[in-house]
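**Q** Residue-level listing of the chains:
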Amino acid sequence: MPKDHGIGASQKRREDVRFLTGAGQYTDDINVHGQAYVYFLRSDVAHGKINSIDTAAASAMPGVVRIFTGADFEGVGGLPCGWQVTDKHGEAMKEPAHPVLAQGKVRHVGDPIAAVVADSLEQARNAAEAIDVDIEELPAVVDMKAALNAGATKVHDDLSDNLCYDWQFGTDTETVDAAFAAAAHVTKLELRNNRLVANPMEPRVALGEYNRAKDESTLYTTSQNPHVIRLLMGAFVLGIPEHKLRVVAPDVGGGFGTKIFHYAEEAFCTFASRKINRAVKWTSSRSEAFMSDAHGRDHVSTIELALDADNNFTALRTDTYANMGAYLSTFASCTPTWLHGTLMAGNYKTPAVQVNVKAVFTNTVPVDAYRGAGRPEATFQLERVIDKAARELGVDPIKLRRQNFITSFPYATPVAVEYDTGDYNATMDKMEELMDIPGFAARRAASEAKGKLRGLGINCFIEACGIAPSNLVGQLGARAGLYDAATVRVNATGSISVMVGAHSHGQGHETVFPQVVAEMLGIDESMIDIVHGDSSKIPFGMGTYGSRSLAVCGSAMVRATEKIINKAKKIAAHLMEASEADIELKDGQFSVAGTDKSVAWGDVTLAAYVPHNYPLEDIEPGLEETAFYDPANFTYPAGAYACEVEVDPDTGKVTIEKFVSADDFGNVVNPMIVEGQVHGGIAQGIGQALLENCAYDENGQLLSASYMDYAMPRASDLPHMANYTVDHSCQTPCTHNPLGVKGCGEAGAIGSPPTVVNAVLDALNSAGHKVAHIDMPVSPSRVWEAMNS
Amino acid sequence: MQMSDSRQISAAPETVWAALINADVLMQCVPGCTEMSGSPEEGFEATVVQKVGPVKATFKGQVTMSDMDAPNVLTLSGEGKGGAAGFAKGGATVRLEPVDGGTLLHYDVEAKVGGKLAQLGSRIIDGFAKKMADQFFVNFQEAVEGPKDADAAEDASGQDGKKKGWFRKIVS
Numbered sequence: 001m002p003k004d005h006g007i008g009a010s011q012k013r014r015e016d017v018r019f020l021t022g023a024g025q026y027t028d029d030i031n032v033h034g035q036a037y038v039y040f041l042r043s044d045v046a047h048g049k050i051n052s053i054d055t056a057a058a059s060a061m062p063g064v065v066r067i068f069t070g071a072d073f074e075g076v077g078g079l080p081c082g083w084q085v086t087d088k089h090g091e092a093m094k095e096p097a098h099p100v101l102a103q104g105k106v107r108h109v110g111d112p113i114a115a116v117v118a119d120s121l122e123q124a125r126n127a128a129e130a131i132d133v134d135i136e137e138l139p140a141v142v143d144m145k146a147a148l149n150a151g152a153t154k155v156h157d158d159l160s161d162n163l164c165y166d167w168q169f170g171t172d173t174e175t176v177d178a179a180f181a182a183a184a185h186v187t188k189l190e191l192r193n194n195r196l197v198a199n200p201m202e203p204r205v206a207l208g209e210y211n212r213a214k215d216e217s218t219l220y221t222t223s224q225n226p227h228v229i230r231l232l233m234g235a236f237v238l239g240i241p242e243h244k245l246r247v248v249a250p251d252v253g254g255g256f257g258t259k260i261f262h263y264a265e266e267a268f269c270t271f272a273s274r275k276i277n278r279a280v281k282w283t284s285s286r287s288e289a290f291m292s293d294a295h296g297r298d299h300v301s302t303i304e305l306a307l308d309a310d311n312n313f314t315a316l317r318t319d320t321y322a323n324m325g326a327y328l329s330t331f332a333s334c335t336p337t338w339l340h341g342t343l344m345a346g347n348y349k350t351p352a353v354q355v356n357v358k359a360v361f362t363n364t365v366p367v368d369a370y371r372g373a374g375r376p377e378a379t380f381q382l383e384r385v386i387d388k389a390a391r392e393l394g395v396d397p398i399k400l401r402r403q404n405f406i407t408s409f410p411y412a413t414p415v416a417v418e419y420d421t422g423d424y425n426a427t428m429d430k431m432e433e434l435m436d437i438p439g440f441a442a443r444r445a446a447s448e449a450k451g452k453l454r455g456l457g458i459n460c461f462i463e464a465c466g467i468a469p470s471n472l473v474g475q476l477g478a479r480a481g482l483y484d485a486a487t488v489r490v491n492a493t494g495s496i497s498v499m500v501g502a503h504s505h506g507q508g509h510e511t512v513f514p515q516v517v518a519e520m521l522g523i524d525e526s527m528i529d530i531v532h533g534d535s536s537k538i539p540f541g542m543g544t545y546g547s548r549s550l551a552v553c554g555s556a557m558v559r560a561t562e563k564i565i566n567k568a569k570k571i572a573a574h575l576m577e578a579s580e581a582d583i584e585l586k587d588g589q590f591s592v593a594g595t596d597k598s599v600a601w602g603d604v605t606l607a608a609y610v611p612h613n614y615p616l617e618d619i620e621p622g623l624e625e626t627a628f629y630d631p632a633n634f635t636y637p638a639g640a641y642a643c644e645v646e647v648d649p650d651t652g653k654v655t656i657e658k659f660v661s662a663d664d665f666g667n668v669v670n671p672m673i674v675e676g677q678v679h680g681g682i683a684q685g686i687g688q689a690l691l692e693n694c695a696y697d698e699n700g701q702l703l704s705a706s707y708m709d710y711a712m713p714r715a716s717d718l719p720h721m722a723n724y725t726v727d728h729s730c731q732t733p734c735t736h737n738p739l740g741v742k743g744c745g746e747a748g749a750i751g752s753p754p755t756v757v758n759a760v761l762d763a764l765n766s767a768g769h770k771v772a773h774i775d776m777p778v779s780p781s782r783v784w785e786a787m788n789s
Numbered sequence: 001m002q003m004s005d006s007r008q009i010s011a012a013p014e015t016v017w018a019a020l021i022n023a024d025v026l027m028q029c030v031p032g033c034t035e036m037s038g039s040p041e042e043g044f045e046a047t048v049v050q051k052v053g054p055v056k057a058t059f060k061g062q063v064t065m066s067d068m069d070a071p072n073v074l075t076l077s078g079e080g081k082g083g084a085a086g087f088a089k090g091g092a093t094v095r096l097e098p099v100d101g102g103t104l105l106h107y108d109v110e111a112k113v114g115g116k117l118a119q120l121g122s123r124i125i126d127g128f129a130k131k132m133a134d135q136f137f138v139n140f141q142e143a144v145e146g147p148k149d150a151d152a153a154e155d156a157s158g159q160d161g162k163k164k165g166w167f168r169k170i171v172s
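Same order as they appear, the protein sequences are chains D and P.
Okay, so the first sequence: first residue is 1 according to full-length UniProt numbering, each after it adds one.
Okay, so the second sequence: first residue is 1 according to full-length UniProt numbering, each after it adds one.
To be clear, the hints were calculated from the coordinates, so they are not data collected in a lab.
Since this is a predicted model, take the numbers as computed values, not measurements.
A hint or two may mislead.
[As the list claims (entries may be wrong)] Listed below are several chain P residues computed to face chain D (Cβ distance under 7 angstroms; list not exhaustive):
{"#": "1", "residue": "Gly-114"}
{"#": "2", "residue": "Gly-115"}
{"#": "3", "residue": "Gln-119"}
[As the list claims (entries may be wrong)] Which stretches of chain D does chain P cover? Using the computed rule of at least three CB atoms under 8 angstroms from a CB of chain P, they are:
{"#": "4", "stretch": "282–293"}
{"#": "5", "stretch": "341–352"}
Note that CB positions come from ideal geometry on N, CA and C, so glycine has one too.
Whole structure, please, built from the sequences with the hints as guidance.
**A** Written out as structure tokens, the structure reads:
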């Protein structure tokens, strides 16, 4: 009988009641009396010198309150980058200015030039058309390798070139070279991890409000981490002290990483509302989102794998170009380095691993973390090269992986991280069982009878989640700690508000977090609510990304709840005139061990707030505790995925026929939500593998800025539920956080893209087409070309 | 986007040349052109209303003519701004070759679009440009040659003298 309560229960998401009945309160639903609207005039050239901006005619148009340009932001800070990467020569990365509104130059299509604030959005938009901007178009750099050529046009004139940093990590060159020289076989692969646009269902919105009486600003924004925005915008951009600045991220309709970052529009609305003493609102259109939301991925890599005569992996070397776009977004520098290089060992005991990354500025939208952030890029390279090696060597790709698995833990990789626990053979066993590998031959024969090619792709992954130990990331260049915080506020009658630093924008925290507290206290979940997303209500918090919420913030909540239990036991001991050491808490009742004496949860909480009979000499009244939790290590979810595709040889169209994931997320609090996370992650990964591609032309024009040209996955692109199995029954609990959880939010998007591509290549090669690789998206035209070239 | 083609026009190169640098002819021939003024020396100012896929816009722009070698070759370059719709710019080299029965007009066009036009219309822009060019030269041919069917031409000129072959009537 499955649990219906506490940890392990598949409780339905309580937040869905309001989402599904139209009662959600998103940022765009918030309106402040008298608010004005801003429309951003954005560059339609990729690179240009601004000769002049004439706003006179536009300013005189109906409803216009004020027009801002870069000149209004002189002396105002630029948007900061939160992570300093040090290159292989010991030099700090190049960090160009990132102004709120363009100053002197525009550097990508979508770069904001001017902001028109008017009584209505229509008036602002009309006035923006009347702004006369004289821009001298300059040559654009789009291709990363060309951007590094001597004499290439510079994105930033004040930098020596377009190289942000040249980073090297892992095993030293001499050792790696020696391993390659001694190898019995070397497999090399060049590949591209396609540029993606996150496309959360809710576009970004910002509403800045200024209270002149109290000199206080409030920013309502679509953010995954309101406290981080408050810190970055207050301290680095606008110079507003935290006690005068409130950041609220209410219901947020999906983030996928792109709502982590601090954006110009947030700073603008806050700044402008102070200037005009009136609230200022911006709502992104979908077209605007394509050219102003940070993009994801966009790596070009060469990976080489060395094997000995027994097919043991002996060395791995990668050389990656990572696109930064025109400016450094908040965590852009970290994604291709510390979130990518550290995972390059994968699930394998390869003794020598070296990662090289050149981060490059180009005249494109800034690129930053997107679901998986660096780990999908690492996994894609590694698992594709292993698959290619297996084909070259004529060995079973499952056997080749198993042979090289790490099997004893803890395991320190050559790329700095130490995996605390895992069982990669167990997830591989589970995947093989669920996929019915022996039945593949019959399924392939059935496909062939229909004139289709069928392929089986398998894949493993590991990721580092639960970011992150603050002292470690500080050494690596993070400019922030990555702990999290929670306050458990027990009210007089026993109900509980838990203020959490994590932010829920689809993850189901409102359901899951109370399950944990309910389990610990033995009370019903309905007595517990979480409060999140408002810097004025929660102690602090680094927000939600990197599959960290439950592992880090959940652990803070556990620690705070433990403090509550300790204090409550003291109160209960006093009420029952017993020794604190003898008090037990079970099912919401405090009892004295070995007796029939007990007091209920509500009696204790009431005593805390009505302390008529209370140990005031020992403890304070009230029942509210806060804990900050800093993890001791990352968590390392891992898994084995498999996919079967059919390829139509006449058209090159790929359909996913069957997909299995076997994940190890450690302990699981709400299995239904975990399955939903993995379903969604795999759908996003299939989108990347088959459909999505953000394309620029050679002039830096964005060519895919609507759903006509940027293909999002649809339900019909996914296998039917019966052939879409996500499993998390293999559980090796995390050894260092109190819940033993590892995080599940990104796994599907990390593990699935190489699985799909491996399956397509299996289909083609098994049919006699010698195709080594096809870049994502594996579109019908690319497959057809590969088959017919 | 690049495009090269040629067309035979039943008129002498001098006639074709004169038409090519005439603002009234150009206005008549550029699809969607609502205003055209200027001269080959000063450059032309034009307003064109067009719909590219989902993007409809009024483009205002300048066209300059250079490297003019009458009646053999000229280079056109121009840029049109469509406000929120983005921009289009490009150039064309037009070469006139005398042939039996008239002139063979060769053109090499290079064009690029930016902003919303690129974002929403990139897939269809090549086809659009080809259609624009075809329409232009159909119009141009008719303006210079007059209608192919002489009776129809008379009917047409009876109703609207400027519709067909009007340019040749003026210059001849």
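**Q** All hints, please: hold or fail.
**A** Hint-by-hint comparison with the structure:
Hint on Gly-114 (chain P) holds. Least Cβ distance to chain D is approximately 5 angstroms, under the 7 angstroms limit. The beta carbon of Gly-115 (chain P) is positioned within 7 angstroms of a beta carbon in chain D (closest approach about 3 angstroms), and the interface hint is therefore held. Contact between Gln-119 (chain P) and chain D, as hinted, is supported at the beta carbon level, the nearest pair being about 3 angstroms apart and thus within 7 angstroms. Given a C-beta distance limit of less than 8 angstroms, the hint that chain P covers the stretch 282–293 of chain D holds, as 3 residues qualify and 3 suffice.
Chain P is given as covering the stretch 341–352 of chain D, and this is violated because 0 residues of the stretch bring a CB closer than 8 angstroms to a CB of that chain, at least three being needed.
Going down the numbered hints, you'll see the structure goes against just number 5.
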